[in-house]
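K.L.:
Work the whole structure out from these sequences, hints included.
Residue numbers (the numbering used here), protein chains in the order written: chain A, 1 to 369; chain B, 370 to 738; chain C, 739 to 1107; chain D, 1108 to 1476.
To be clear, the hints were calculated from the coordinates, so they are not data collected in a lab. Just so it is clear, CB atoms sit at the ideal spot from N, CA and C, and this is done for glycine as well. Check the hints yourself; a few may be wrong.
Unchecked claim - Residues from chain B that keep clear of chain A, each with C-beta distances beyond 10 angstroms, as calculated: (1) 599; (2) 628; (3) 635.
Unchecked claim - Only some residues are given here: those of chain A computed to face chain D with a beta carbon under 10 angstroms: (4) 32; (5) 72; (6) 74; (7) 75; (8) 149; (9) 223; (10) 354; (11) 357.
Protein chains: 4
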Amino acid sequence: MAGSVFGTLFRVTTFGESHGAALGAVVDGCPAGMSLTAEDIQKYLDRRKPGQSRFTTARNEGDEVEILSGVFEGRTLGTPIALLIRNKDQRSKDYSELKDIYRPGHADLCFDEKYGFRDYRGGGRSSGRETAGRVAAGAVALKLLSELGISVRAFARSIGDFTVPEEITDIDEAANNPLGLPDHDCYLRAAEYIDSVKEEGDSLGGVIECHAEGLPVGLGEAVFDKLDAELSKAVMSIGAVKGFEMGDGFRASCSRGSENNDPFAMDKGRVIKLSNHSGGTLGGFSDGDCLVFRAAVKPTPSISKPQKTVTAYGGEREIVISGRHDPVIVPRAIVVVEAMSALVLADMLLRNMASRLEGIRDFYSEKKN
Amino acid sequence: MAGSVFGTLFRVTTFGESHGAALGAVVDGCPAGMSLTAEDIQKYLDRRKPGQSRFTTARNEGDEVEILSGVFEGRTLGTPIALLIRNKDQRSKDYSELKDIYRPGHADLCFDEKYGFRDYRGGGRSSGRETAGRVAAGAVALKLLSELGISVRAFARSIGDFTVPEEITDIDEAANNPLGLPDHDCYLRAAEYIDSVKEEGDSLGGVIECHAEGLPVGLGEAVFDKLDAELSKAVMSIGAVKGFEMGDGFRASCSRGSENNDPFAMDKGRVIKLSNHSGGTLGGFSDGDCLVFRAAVKPTPSISKPQKTVTAYGGEREIVISGRHDPVIVPRAIVVVEAMSALVLADMLLRNMASRLEGIRDFYSEKKN
Amino acid sequence: MAGSVFGTLFRVTTFGESHGAALGAVVDGCPAGMSLTAEDIQKYLDRRKPGQSRFTTARNEGDEVEILSGVFEGRTLGTPIALLIRNKDQRSKDYSELKDIYRPGHADLCFDEKYGFRDYRGGGRSSGRETAGRVAAGAVALKLLSELGISVRAFARSIGDFTVPEEITDIDEAANNPLGLPDHDCYLRAAEYIDSVKEEGDSLGGVIECHAEGLPVGLGEAVFDKLDAELSKAVMSIGAVKGFEMGDGFRASCSRGSENNDPFAMDKGRVIKLSNHSGGTLGGFSDGDCLVFRAAVKPTPSISKPQKTVTAYGGEREIVISGRHDPVIVPRAIVVVEAMSALVLADMLLRNMASRLEGIRDFYSEKKN
Amino acid sequence: MAGSVFGTLFRVTTFGESHGAALGAVVDGCPAGMSLTAEDIQKYLDRRKPGQSRFTTARNEGDEVEILSGVFEGRTLGTPIALLIRNKDQRSKDYSELKDIYRPGHADLCFDEKYGFRDYRGGGRSSGRETAGRVAAGAVALKLLSELGISVRAFARSIGDFTVPEEITDIDEAANNPLGLPDHDCYLRAAEYIDSVKEEGDSLGGVIECHAEGLPVGLGEAVFDKLDAELSKAVMSIGAVKGFEMGDGFRASCSRGSENNDPFAMDKGRVIKLSNHSGGTLGGFSDGDCLVFRAAVKPTPSISKPQKTVTAYGGEREIVISGRHDPVIVPRAIVVVEAMSALVLADMLLRNMASRLEGIRDFYSEKKN
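P.N.:
Here's what the structure looks like:
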């Protein structure tokens, strides 16, 4: 499974099973000279951590990160930054009954077919817990972006069929309520909605929206490695995500060219767009506008309602999944979307430096003088 | 711009500007011993070629492919397969007036910012014409898939806000009408709709749906290189695509776990899913079901209605784009979606072979005997 | 520094500075179903560990490995295998005097120029200690190779200008003496030689030879990723290695075609070569013969003799490097050469499976039945 | 065979069989804004071309290059540069007798084993003719290096056992005699030597030495992607090369630390080395000194003396290879060594730009102002 490495110059490898000894990440390619502390990373992990509100599983994961390498006297060395998160609350016995049965909506069956067996404890590598490694690595990328004046902030656009209208986008509010919704009133109503669904033993999905501001024009590479394409891969690689759209996305497919094209104009000597249907990319490059994209998150597959399924031995059975599960994964996935987006942007910022002979010549002639 | 290489084991490099000498692709990693002729590739290029119906630009591109290497006595050698398509109808003068002006919805501005200048003739590398290289390479992947009993077929699910209902999916019909719609009556109505929009000097978008059948369980790699993620990158890298969804996609975000989870059952000794909300992937792996995904295509940005824009020298201007342009790109993009999907699937089929020690041992012990 | 990832399908990322918290490696792409214990890895680390004879530094490094992920119930899961080695004997104060001075033969100056500063404690990431991560990862590859009937064994061909004649290659003996020389008498004489050089405060280099047996014909990829080329990169990436040769290597440059070509013959229904000047590769592929290659190791740069050098502030100075240093690095580098070679061979074994349509078809048709 | 792609940011894909329709290369990642003409490339191809002296095969290959893409109005666009070389003098019948017989010292057997069959005409993809694609791509890299003040020049250090002493290194002379030897008198004597060996129907090898000047300090990435390691892979991937050494290389293994360490000193405010045993790298990074490395080239395997071999059907036979063959490949391989080295250096120059936060911040803040 050579699928746990991400990026070209800013390159991340994650590891760890849900109930193994530890999870973590190694970031290879972070530039030298950036101040970095465990706290810079911990604050993002804390946002992903369960048990912070009544909408998330009560599992106590701790998720304390240790920096094992790549930082010296408080600054990055330019060498690989290894990040370690020990698993504390493993309670493996909870899962033994899942050894020979395939949970609907989960990877269990595919794992057995592909690898011949699996770590059945809590989903193993396919657990949502795997995202701890992404968030740890993404925190390093987010630090780098912030050093360059770039912000990446995600929030919940909808929970189930409850959607916050597009004109309401109070990201500061989203950071303050446990559902990450960009409106306090909407939050209160969505909370009730979740409670009722949870009581039924069912679950919900939702849509996460992400904004990145402060990007230079021209990030992304033409043809296959377009900025949209890389962001899409990054976000679609998060377990529960089933859809991705840039700017107007699927709505653009219903509009006309004359509506969807963003007119250009001049503003204080700079080119601006008079609208942002494109979501901040043109031809696969950042166009200088705010980057806007959305991820569709499916409802949590682990539900306590009875479901039809099969066993590894070919028998049909009913399954009721007990234990601690998020009724909706959206609130905890918000920081994962930020992390994955930041990994793409950091990589693209580094790759973009080699675009022009002129820039390369300037870079090296300064070094010589 | 190191963005024109795609894939890990089945690896493609494309090249070519809209009005340069030629376009093409090099496929490195196609297995040896597969029969391959220019005709195998030409038939896909012909589907992409303009001028085949009143809904596409009248430009006569020819698009004849030549196999330069990698095939000997009718079979692939295991060496790089280079595919060449000469540009014939270049008419460069048409474009000289676009040298210093930025077309809304196009990459012109970003190219100038990133690279310092651009090939302004017909969009250069960012032209839709670039997809000829993808289709040529994709045709090789499609041949490989067909040798393994796998089919990949795409069609138009909607044109503008005209949508063919989900229960109507006659892919054979889609292959026969010039819009690629899976219903003849819908095609007739959509054709009229396009004509009226074209007359207004405006353009439309739409949604392309793709089905892949015959896949083994387990394609895709956990975590970052999930099958969904790779497909998403592949499809989102096509110029006009602004959204991607797997299975129920964005609709899944509004459904409940009890609805969205596909129950498992046994059928003639095999595990099947009783529904396919997942679109044929679980945990990032193919689950044995039909792969179903959709791409949102934006309306063609080149329209003859006047638009506000700016020049390279910082002046505001109005632009009217004359010349030959598709009123809707969807019909010609269908084969590009098939091509990109096939590239992903071919690569994933090769990568998957290394998943288990048992499979590797069998492979090499057979060779020794 | 995106330079700590190695391999395509069997892919390794290492991390760790000499005097940081820990070193380690993540192996992504190891096939599932292989039995693996910490002991499988520890036995190779113990061979690299210092303090085992009078010819190595007395530093007590411990080098106990912990498997953090990727193994469940004693078998590999197909997921990333993270390996952790805590640094124990850090004694940072020893190194503070090296903060502002550049040791001849070391990377100190280059690190400062490239990254702006460096971890000056024991060479940081450029310390020989970095190879612990390689050996840990290589041990996993060596286990995989042994499961497939392939052995990789290295030994010392020479220490300084003391060379064991080519016709003497007792690898079992080499495994038993602390210098890794393939002849006991030679070992005794070389030991004396080292002692005398050490007393002078000076150091020696040598040549390591490696043999790999049991390989199928055809490993390696034509053109850039030839087996020789990949092995060369792998071995030349070890800190002290300054030369690499395959088979007769540099001697081949002085021989004639009629001598250097290995004649083919039949032996029990198989093709064999009547000599092995090629060192087991032809055209970049394994040719079925024993793989034979050699690495030239430079003398340990840390010596206690006074040397001319400069400080970070531009002053000229003399430096005497005190502390614990290997008079010759060859004995401890032997296992590193084995590890790096195994990483290449494991990767090439996996990549080779996708060479032929026939093999792919067999692989997938078996899965379906 | 996914082995025909090379490099990370400056990335090359080559294609073509000896007797197929064409050979060529696609360079993805060359920065925009560099002037480039066919003539810039042709001059290097002409140095590789056979038939230029009595020491090379008389085959008339022509080797005219056409730039198919990536250049507009005389400057690189930042898009892939596709380079095409049509095969002219194919004379396939010469080779039909080699269909079922394995030439000693060639890849024939390995190709059949790995891929099931092969293009037996002139070695197919394993022909020395394959290097035309490398040289074409390398010429682009050499142009980029020259724009940055970096020169790469190779020459013959030895032909067979005839070696030009190290103190004689007149590279200008080497460029003027057909053997590429850095001394005219040596050239005359070596020419006679080759003539006599050729008359015997035998062949010779030799050693190529390469010097690169003008590099900044710090190129290369620590651990696996050391500059030495990448150069080694690049050079060892050339068909006939069997050994590589950096600086003193194998001789360093016999010297002492006190001799092999290069002392540092100050010279006009810069750090210099008082000797260059290291060959211009320390710890895997360029150290600011002249880069010096050597490649051992084996004798041409195609000889007209009778040799023992086997057929594809398992019979033993004698083979006499007739036709046009270089008695020594060294003179024509010199430009291939330059090309491969330039590909590495161009890639490393681009990768190095992302090393420090400070450099990245400067790069982007300038863009904003």
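K.L.:
Grab the minimum C-beta distance from residue 354 (chain A) to chain D and call the hint holds if it beats 10 angstroms, violated otherwise.
P.N.:
4 angstroms, holds
K.L.:
Any CB of chain D closer than 10 angstroms to the CB of residue 223 (chain A)?
P.N.:
Nearest chain D Cβ about 8 angstroms off; hint holds.
K.L.:
Quick check on the hint: residue 74 (chain A) CB to chain D CB, less than 10 angstroms?
P.N.:
13 angstroms, violated
K.L.:
Is the Cβ of residue 635 (chain B) farther than 10 angstroms from every Cβ of chain A?
P.N.:
6 angstroms, violated
K.L.:
Take a quick look at residue 628 (chain B) and tell me if its Cβ sits farther than 10 angstroms from every Cβ on chain A, holds or violated.
P.N.:
The assertion about residue 628 (chain B) is violated, with a minimum of 8 angstroms to chain A.
K.L.:
Hint validation: residue 75 (chain A) versus chain D, beta carbon distance must be below 10 angstroms. Holds or violated?
P.N.:
9 angstroms, holds
K.L.:
Non-interface claim for residue 599 (chain B): all C-beta distances to chain A beyond 10 angstroms?
P.N.:
With a cut-off of 10 angstroms, residue 599 (chain B) comes too close to chain A, as the shortest Cβ separation is near 7 angstroms.
K.L.:
Please check whether residue 149 (chain A) passes as an interface residue: C-beta within 10 angstroms of a C-beta belonging to chain D.
P.N.:
At about 8 angstroms, which falls below the 10 angstroms cut-off, the nearest Cβ of chain D leaves the hint on residue 149 (chain A) intact, so it holds.
K.L.:
Would the hint on residue 357 (chain A) be counted as holding, given a Cβ-Cβ threshold of 10 angstroms to chain D?
P.N.:
4 angstroms, holds
K.L.:
Closer than 10 angstroms between Cβ atoms is the bar; does residue 72 (chain A) clear it against chain D? Give me holds or violated.
P.N.:
For residue 72 (chain A), the interface hint is violated, since the closest Cβ of chain D sits about 14 angstroms away, which is over 10 angstroms.
K.L.:
Using the nearest Cβ pair, does residue 32 (chain A) come within less than 10 angstroms of chain D?
P.N.:
5 angstroms, holds
Hint compliance for this structure: hints 1, 2, 3, 5, 6 are not met, and every other hint is.
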